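J.: On the provided structure of chain A, position chain B as indicated by the hints.
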Amino acid sequence: MATGLIFDIKKYAINDGPGIRLTVFFKGCNLSCKWCHNPESMSPKVQKMYNASKCIGALSCISNCPNDALIMTSEGIVTDFNTCNLCGKCAEVCPTKAFEMLGSSILISDLMKEIDNEAVFFDQSGGGVTFSGGEPLMHANYLLEALKACGERMYHRVVDTTAFSSQETLLEVAKHTELFLIDLKVMNSEKHKEFTGVSNEKILSNITELAKTNCEIIFRIPLIEGVNTSEENILKTADFMNSLEGNRTVVNLLPYHNIAENKHLKLGHSTHFEVFETPSEAKIKEIIKLFKNKGITATVGG
Amino acid sequence: MKTVHTAINPERPASAEGNFYQPITSAIGPGMNERIQKLRKLSFETQPSLSIERALIQTKFYKKNFGKYAIPVLRGLNFLEICKQKTIYLGEGELIVGERGPKPKSVPTFPELTCHSVEDFHVLNTREMQRYTISQEDIDTYEQEVIPYWAGKTMRERIFNHVPKEWSRAYEAGLFTEFMEQRAPGHTALDGAIYKTGMLNYKEKIQKELDKLDFLNDPEATDKKEQLEGMKISCDAVIVFAQRHAELAEEQAKKELNPQRKAELLKIAEVCCWVPANAPRNFHEAIQMYWFVHLGTITELNGWDAMNPGHFDQHLTPFYEKEIAEGTLTREEAKELLSCFWIKVNNHPAPPKVGITAKESGTYNDFTNINIGGVERDGSDGVSEVSYIMLEIVEELHVLQPGNSVHISSRTPNRFLTAACKVIRQGHGYPSIFNPDIYIPEMLRQGKSLEDAREGGCSGCIEVGAFGKEAYILTGYLNVPKIIEITLNNGINPLTGKRASIETGDPRNFKTYEELYNAFKKQLNYIVNQKILVSNYIDSMFAKYSPATFLSVVIEDCISKGKDYYNGGPRYNTNYIQCTGLGTVTDSLSTLKKHVFEEQNFSMETILNAVSKNFEGEEILRQTILNKTPFYGNDDYYADAIALQVYNDLFEAIDGKPNTKGETFHLNMLSTTCHVYFGKVLEATPNGRLAHKSISDGTSPSHGADTNGPSAVIKSLTKLDQTKSGGTLLNQRFLPSLLKRDEDILKLGSLVRSYFALGGHHIQFNIVDTATLYAAQENPEDYKDLLVRIAGYSDYFNDMNADLQQEVIDRTENDSF
Numbered sequence: 001m002a003t004g005l006i007f008d009i010k011k012y013a014i015n016d017g018p019g020i021r022l023t024v025f026f027k028g029c030n031l032s033c034k035w036c037h038n039p040e041s042m043s044p045k046v047q048k049m050y051n052a053s054k055c056i057g058a059l060s061c062i063s064n065c066p067n068d069a070l071i072m073t074s075e076g077i078v079t080d081f082n083t084c085n086l087c088g089k090c091a092e093v094c095p096t097k098a099f100e101m102l103g104s105s106i107l108i109s110d111l112m113k114e115i116d117n118e119a120v121f122f123d124q125s126g127g128g129v130t131f132s133g134g135e136p137l138m139h140a141n142y143l144l145e146a147l148k149a150c151g152e153r154m155y156h157r158v159v160d161t162t163a164f165s166s167q168e169t170l171l172e173v174a175k176h177t178e179l180f181l182i183d184l185k186v187m188n189s190e191k192h193k194e195f196t197g198v199s200n201e202k203i204l205s206n207i208t209e210l211a212k213t214n215c216e217i218i219f220r221i222p223l224i225e226g227v228n229t230s231e232e233n234i235l236k237t238a239d240f241m242n243s244l245e246g247n248r249t250v251v252n253l254l255p256y257h258n259i260a261e262n263k264h265l266k267l268g269h270s271t272h273f274e275v276f277e278t279p280s281e282a283k284i285k286e287i288i289k290l291f292k293n294k295g296i297t298a299t300v301g302g
Numbered sequence: 001m002k003t004v005h006t007a008i009n010p011e012r013p014a015s016a017e018g019n020f021y022q023p024i025t026s027a028i029g030p031g032m033n034e035r036i037q038k039l040r041k042l043s044f045e046t047q048p049s050l051s052i053e054r055a056l057i058q059t060k061f062y063k064k065n066f067g068k069y070a071i072p073v074l075r076g077l078n079f080l081e082i083c084k085q086k087t088i089y090l091g092e093g094e095l096i097v098g099e100r101g102p103k104p105k106s107v108p109t110f111p112e113l114t115c116h117s118v119e120d121f122h123v124l125n126t127r128e129m130q131r132y133t134i135s136q137e138d139i140d141t142y143e144q145e146v147i148p149y150w151a152g153k154t155m156r157e158r159i160f161n162h163v164p165k166e167w168s169r170a171y172e173a174g175l176f177t178e179f180m181e182q183r184a185p186g187h188t189a190l191d192g193a194i195y196k197t198g199m200l201n202y203k204e205k206i207q208k209e210l211d212k213l214d215f216l217n218d219p220e221a222t223d224k225k226e227q228l229e230g231m232k233i234s235c236d237a238v239i240v241f242a243q244r245h246a247e248l249a250e251e252q253a254k255k256e257l258n259p260q261r262k263a264e265l266l267k268i269a270e271v272c273c274w275v276p277a278n279a280p281r282n283f284h285e286a287i288q289m290y291w292f293v294h295l296g297t298i299t300e301l302n303g304w305d306a307m308n309p310g311h312f313d314q315h316l317t318p319f320y321e322k323e324i325a326e327g328t329l330t331r332e333e334a335k336e337l338l339s340c341f342w343i344k345v346n347n348h349p350a351p352p353k354v355g356i357t358a359k360e361s362g363t364y365n366d367f368t369n370i371n372i373g374g375v376e377r378d379g380s381d382g383v384s385e386v387s388y389i390m391l392e393i394v395e396e397l398h399v400l401q402p403g404n405s406v407h408i409s410s411r412t413p414n415r416f417l418t419a420a421c422k423v424i425r426q427g428h429g430y431p432s433i434f435n436p437d438i439y440i441p442e443m444l445r446q447g448k449s450l451e452d453a454r455e456g457g458c459s460g461c462i463e464v465g466a467f468g469k470e471a472y473i474l475t476g477y478l479n480v481p482k483i484i485e486i487t488l489n490n491g492i493n494p495l496t497g498k499r500a501s502i503e504t505g506d507p508r509n510f511k512t513y514e515e516l517y518n519a520f521k522k523q524l525n526y527i528v529n530q531k532i533l534v535s536n537y538i539d540s541m542f543a544k545y546s547p548a549t550f551l552s553v554v555i556e557d558c559i560s561k562g563k564d565y566y567n568g569g570p571r572y573n574t575n576y577i578q579c580t581g582l583g584t585v586t587d588s589l590s591t592l593k594k595h596v597f598e599e600q601n602f603s604m605e606t607i608l609n610a611v612s613k614n615f616e617g618e619e620i621l622r623q624t625i626l627n628k629t630p631f632y633g634n635d636d637y638y639a640d641a642i643a644l645q646v647y648n649d650l651f652e653a654i655d656g657k658p659n660t661k662g663e664t665f666h667l668n669m670l671s672t673t674c675h676v677y678f679g680k681v682l683e684a685t686p687n688g689r690l691a692h693k694s695i696s697d698g699t700s701p702s703h704g705a706d707t708n709g710p711s712a713v714i715k716s717l718t719k720l721d722q723t724k725s726g727g728t729l730l731n732q733r734f735l736p737s738l739l740k741r742d743e744d745i746l747k748l749g750s751l752v753r754s755y756f757a758l759g760g761h762h763i764q765f766n767i768v769d770t771a772t773l774y775a776a777q778e779n780p781e782d783y784k785d786l787l788v789r790i791a792g793y794s795d796y797f798n799d800m801n802a803d804l805q806q807e808v809i810d811r812t813e814n815d816s817f
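For the protein sequence lines, the chains are A and B, in the order given. Per full-length UniProt numbering, residue 1 is the first one in the first sequence, and the count goes up by one each step. Per full-length UniProt numbering, residue 1 is the first one in the second sequence, and the count goes up by one each step.
Source of the hints: derived by calculation from the structure; they are not laboratory data. Just so it is clear, the structure is predicted and the values come from calculations on it, not from any experiment. Treat the hints loosely; a few may be bogus.
[Stated by the list, open to error] Derived Cβ-Cβ restraints for the label pairs, each shown as a range:
id, chain 1, residue 1, chain 2, residue 2, range
1, A, K283, B, K267, 57 to 65 angstroms
2, B, N609, A, F81, 54 to 62 angstroms
3, A, K283, B, D810, 44 to 52 angstroms
4, A, P66, B, S603, 21 to 29 angstroms
5, A, F81, B, A775, 35 to 43 angstroms
6, B, D810, A, N141, 43 to 51 angstroms
7, B, N614, A, N141, 35 to 43 angstroms
8, B, P413, A, N247, 53 to 61 angstroms
9, A, E209, B, T418, 38 to 46 angstroms
10, A, K191, B, G617, 56 to 64 angstroms
[To be verified] List of simulated lysine-lysine pairs, DSS-like, C-alpha gap at most 25 angstroms:
id, chain 1, residue 1, chain 2, residue 2
11, B, K693, B, K561
12, B, K224, B, K561
13, B, K212, A, K283
14, A, K97, B, K628
15, A, K285, B, K740
16, A, K10, B, K740
17, A, K10, B, K719
18, B, K561, A, K113
19, B, K498, A, K10
20, B, K594, A, K113
21, A, K202, A, K34
22, A, K54, B, K224
23, A, K97, B, K784
24, A, K289, B, K740
25, A, K97, B, K719
26, B, K165, B, K498
Backbone N, C-alpha and C define an ideal beta-carbon position, used for all residues, glycine too.
Chain A on its own, in the form it takes in the complex (with noise of 0.2 angstroms):
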């Protein structure tokens, strides 16, 4: 049986798709963007988080560490990760929840056990659930089993990717996906290299493919100031959307907000993310209507 690797499944999610869904949080992404509000899905390993606000210095890990890889200091407990093999006993032990592990394998069957938990909610809703990541793509033969089993419930299915995969893999996936949400973070294959670490040639080609298909396309856009609000870009995007197959004329705007720095800390990433800068009530109003004026429906939020 397939196995993919898991770091969150979230309840009552009503941001990932129509009605109230449950979305699925794969670990591992194959872009490395600089803005990423969740960058603890991003290594496709499990990892262990320290929230040291929560540490009360039970010292129970230390104590407990098969490794001795735990040390205590003046900013809280430091990890080792040399001699750290992640296997989880310091957040077994600790009373606190400040030690988490992040990732793990479930089966496909525990996995529908819980979505089959929140069905009256899709039915109710019209909602279903929603595979996000991280990259869903890069797990595909769980992914396409979850979505298949999603498919014989009847429940709606959503797949959030950043589309940079191979191209059978995607259409493949099409195959048992109601909507897509992609994102088209910019435009400029050399500015998306830099802030996400692939160039989008790939991606683009990918979409152009995807919209040939009976899908559902929602497009969205995390806007960071400074790196994809320009005029040029966004007119850029809507003539890019506007040449695709099938009506693909609905973006959302999600404006950039600097949560990941937390995250960041906990996974003890000490200095190499960014914060950025979100961009202007004023200037999302404009960015709004060049969509508009390029027949795009261009909403704040998804």
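T.: Leaving out everything else, chain B in the frame of chain A:
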């Protein structure tokens, strides 16, 4: 000379009785037009005061007449005397008329039930919160005229002179409360009968029953005669009361120079001449009809949870539709009349309490609850244009009273649910949402007919009954976490060291969880029996000494049975015990089951010690409990199974116990605000809750115990078969950001539909304000459930860092997500 009484008279805060509501402090709402704005402003700004008028009339009457008549006739005549003599009021701009006291927000006293002392008045006059003003002159008069006569004769003294020691020690420990010690049993809501039957018709009906009495073969014939005579006199009393308003209106009209107001006054006179003597003919008369009946019942006695029109929208709809079709009423006029009614209800704060309760009580709310929507008697959808008008009024007026609720069955249109959710988004805490598809089977299970059950709804908080046909007496709250506490202390109240209940063994010697649970169950049954014992006594006292002869006129079957509302006259007669703290109890049992008996992480001794010193120096233990125990409200089978067991055992302990009216007690799961008081009389509890902090409310999870979002909470609650109770309560906290977009409103509606599809009884949403968010920063563990939405993303407030929390607080203030 003052008489000294030795009655057992336990002193406790009035918040103990649960009628403790914070006043609304928000700015004055817009109101629909100048008239409504003025009336609302007056109602909002008038300081509640005490009127001794009713007490004086009544005392004089009792002095002269007590012993001359049978009690029901005496009560009827007493009511008539009050209606004849009391000062009546007709204020500027009013369209709906009548006040219980001599002016708005002036509250009479009811010395026959409980007599305020001079000291009580001084306290009420000077306390900081929710003051009731009274002049020194009135206090002096009361001391001379009223207090001496009632000394030793009040219902309260009758009750406390009687109660057994076992009851008192449990009561004093705070194991339960007793509603009826200061007020008469109330809980009354009406059906549609009064819109088809005037008081003259009722009198005819009563006369027919009188004529039918068979003194040869019916041993109760004399009792029935006395009761029916009293009821007949009560009908006259409200007719006289209305007639006096008609005369006052005519008098004012004569002097009125403004032709528009003059016409209004003449119209008022016409309406008051017609109703309540006759059945109403139009929308205006229908509202005034109800209002006179309402005033009658709350003047006659001060029934707990005063009075309630029931499905008011359904009752008014035929009048509305007829008049709209005929062109004699516009939508605006209808809304204005209804707004006038709303303000009238707000003019009527609850009568204040006596004893120490006077000091602490914050009780302005008389718990009138307007039921909006729901289903009709034939099962069809009950939503009409009047329902939408009412929602508009709720949103525009936002006054403390009346409370209101929307009733959403599977056949209720989404348009109505969405309109209600939009009002909820405003964050005034109203309306609460009820599920007829579940409360109808609840009532069927209790033996009501299908039609009567459909016509039912909620009366004050979340308890349901068959409107117009049932006496459903809330007898008081049961402090279920306190029962755990005395179980863990072998029957001793640890706060005082005094015995509060029977011995069920030292828990340190319990070998298994089952042993512990059985001890708890034994305590539970014992305490419930103590409570019922005294409840039945109180019910008998009211039936004997304080019949409600007017209320009996308008509640069906009292006339045909010739019996009083308090004496089994209504078609259905239910007693409820309201159980509180299911979350606290479940989480405490879960803690002991897992950590002591199953995993042996801690000994019973360790936990009991930690609890007794309020977890001081035991933070690691406490955090382990808080973070590593399955808690109720997370769709977790381990915890939910315990909740279910407790719920079922509460049901077994209460449901089916006989009351004095040939019917039975039932289980209710409401707490109103009593969970605050119950928390105050509790030490720390094994679930990590600190001493004197409030317990969980209704059937909601403990604060901060639910960390998997609202859908998981709903899944936990619906594992209980809610049809076994007469009401459950679920409070959900929501940040305004989760309800920003219209799409979010629809999703909230779907959440409600989901809960109801699964068998939920009631849900209400508290839209969190910035004060709550600051509190969440201070005490994060009580607020683990707060979910925040930031464009395209949501997270728990607790998981955010301080900067982001501050941003959320700022945005909540400015409502700009």
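J.: Which of the numbered hints above does this structure break?
T.: 2, 3, 7, 8, 11, 13, 18, 19, 22 and 25
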